[in-house]
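> Chains as they are written, first to last, in this note's numbering: chain U, 1 to 120; chain D, 1 to 280.
Treat the hints with care, as some may be off.
[Claimed, not checked] Computed Cβ-Cβ distance ranges for the label pairs, DEER-style:
#	chain 1	residue 1	chain 2	residue 2	range
1	U	Val16	D	Asp42	30 to 36 Å
2	U	Leu62	D	Ala94	44 to 50 Å
3	D	Met116	U	Val16	35 to 41 Å
4	D	Gly223	U	Leu62	17 to 23 Å
5	U	Leu58	D	Arg133	38 to 44 Å
6	U	Ser95	D	Val108	45 to 51 Å
7	D	Gly217	U	Ser49	20 to 26 Å
8	U	Ser95	D	Arg250	29 to 35 Å
Since the hints were derived computationally from the structure, they do not count as laboratory data. C-beta atoms are modelled at their ideal positions from N, C-alpha and C, and glycine is treated no differently.
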Amino acid sequence: MSPQRFRLMVSLVLAVGVGVSATLIGAGFVAALAVGWQGSLVGVTTTASAPTTDFGGLTSRLGILEPLAIAQLGLLTLLATPVVRVAASVVAFASEGDRLYTAITAVVLAILLASIFLLR
Amino acid sequence: MTPQADFGIFAVSVCAGLIGSLAGVGGGILVIPALTFVFGVDIHLAVGASIVSVIATSSGAAAAYVRDRMTDMRIGMFLELATTTGAVTGALLAAVVAPAFLYVLLGVVLLGSAAMHAGRLNEETPPAEPPSRIAAAMKLSSSYPDHRLGREVPYTARRVPLGFALMWIAGVVSGLLGIGSGVLKVLAMDGAMRLPMKVSSATSNFMIGVTAAASAGIYLGRGDVDPQIAAPVALGVLAGALIGARLLNRVSNRAVRLVFLPVLVAVGIETIGRGLGFGL
Numbered sequence: 001m002s003p004q005r006f007r008l009m010v011s012l013v014l015a016v017g018v019g020v021s022a023t024l025i026g027a028g029f030v031a032a033l034a035v036g037w038q039g040s041l042v043g044v045t046t047t048a049s050a051p052t053t054d055f056g057g058l059t060s061r062l063g064i065l066e067p068l069a070i071a072q073l074g075l076l077t078l079l080a081t082p083v084v085r086v087a088a089s090v091v092a093f094a095s096e097g098d099r100l101y102t103a104i105t106a107v108v109l110a111i112l113l114a115s116i117f118l119l120r
Numbered sequence: 001m002t003p004q005a006d007f008g009i010f011a012v013s014v015c016a017g018l019i020g021s022l023a024g025v026g027g028g029i030l031v032i033p034a035l036t037f038v039f040g041v042d043i044h045l046a047v048g049a050s051i052v053s054v055i056a057t058s059s060g061a062a063a064a065y066v067r068d069r070m071t072d073m074r075i076g077m078f079l080e081l082a083t084t085t086g087a088v089t090g091a092l093l094a095a096v097v098a099p100a101f102l103y104v105l106l107g108v109v110l111l112g113s114a115a116m117h118a119g120r121l122n123e124e125t126p127p128a129e130p131p132s133r134i135a136a137a138m139k140l141s142s143s144y145p146d147h148r149l150g151r152e153v154p155y156t157a158r159r160v161p162l163g164f165a166l167m168w169i170a171g172v173v174s175g176l177l178g179i180g181s182g183v184l185k186v187l188a189m190d191g192a193m194r195l196p197m198k199v200s201s202a203t204s205n206f207m208i209g210v211t212a213a214a215s216a217g218i219y220l221g222r223g224d225v226d227p228q229i230a231a232p233v234a235l236g237v238l239a240g241a242l243i244g245a246r247l248l249n250r251v252s253n254r255a256v257r258l259v260f261l262p263v264l265v266a267v268g269i270e271t272i273g274r275g276l277g278f279g280l
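Looking at chain U on its own, in the form it has when it is part of the complex (with noise of 0.2 Å):
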């Protein structure tokens, strides 16, 4: 891969991140000026009792079409968007056949994801 294909790669991967995140975080609080961020776009009569601050039962929610899980998903997609980009860095570095960093970018991944799932 030609260096300016690879940083295209990761621009690439960085815009998509963003602009799907941007779109769902958007329609969530524009739907929770309609309906509240706790209702539902589809009628569906809700009693919510947990705080907004919890991401738990997401499927269930978004599945009623609640803006306050849409907005959580598009938050959840953009704080996984840097861990991706390094992701997509490693395979960009590898397909431009720089070992060296293929295996730097590689353990920043592992250390990445250790911490994300091992310090809470």
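Start from chain U and add chain D according to the hints.
Showing chain D alone in chain U's frame:
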């Protein structure tokens, strides 16, 4: 949150994204005090929103910086080795070290660095030098297109071991205190490694998102990320970062230094304040 407060938070966040993307810092210095003092947000939720803001600044601007060759991907990844291991060390140390003294120490170091930074204010590009052995081995030399100067500016990383050590300390500090990781990264690259200011800022911008992502899980699990606050912050910061990313290419290195300097002083003062037990 009332719609007025939502709009206010959004507007502050646009500024934070703009300044953060130009200076290579996360914008927490602006977001946290604004949320707590002006909008009465709980400090934990403000810190959670500031983690979101760091990642938004980083990802929002980095797409453009990587494409435009402002970010040095190799220097960034090489130094990430130091910051990520440092962050893990810092998080582990947090249980045994009393941070008050460290806050004061960090604040004093930052204010001292501010004086040195002010002395370099007029330096547009660092003097050209042949790459050192370690810089050549680790491929830490490159060039970036400077639209303001209208030419390609070559650079090489100097004092690599010192820069690497400072980056490790930046990681420890962010893991331990959760503050100042962006300013320390810029200082390590600009001050110690003598990279051009714009490359330092864009590469720091690229790196802070990775550092913040490593600890984002902790804040999510603790219930510190509330979309009612984090959503307008994320949207505002992204918008600001996109504008900042378009600007960096056109302004001079001196202008970037002028944006960075007050941020550095503010973080220094706030850090000392925290150490002495008042402020945030």
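> Now tell me if each hint is right for this structure.
Verification of the supplied hints:
1. U:Val16 - D:Asp42: 30 to 36 Å: holds (33 Å)
2. U:Leu62 - D:Ala94: 44 to 50 Å: Since the Cβ atoms of leucine 62 of chain U and alanine 94 of chain D sit about 35 Å apart, the hinted range of 44 to 50 Å is violated.
3. D:Met116 - U:Val16: 35 to 41 Å: Roughly 40 Å apart at Cβ, these two residues keep to the hinted range, so it holds.
4. D:Gly223 - U:Leu62: 17 to 23 Å: Since the Cβ atoms of glycine 223 of chain D and leucine 62 of chain U sit about 19 Å apart, the hinted range of 17 to 23 Å holds.
5. U:Leu58 - D:Arg133: 38 to 44 Å: Since the Cβ atoms of leucine 58 of chain U and arginine 133 of chain D sit about 51 Å apart, the hinted range of 38 to 44 Å is violated.
6. U:Ser95 - D:Val108: 45 to 51 Å: Given a distance of about 46 Å, which is inside 45 to 51 Å, the answer is holds.
7. D:Gly217 - U:Ser49: 20 to 26 Å: Once the Cβ atoms are compared, 25 Å apart, the range 20 to 26 Å for serine 49 of chain U and glycine 217 of chain D holds.
8. U:Ser95 - D:Arg250: 29 to 35 Å: About 33 Å separates the Cβ atoms of serine 95 of chain U and arginine 250 of chain D, which means 29 to 35 Å holds.
Hints 2 and 5 from the list above are not met by this structure, while the remaining hints are.
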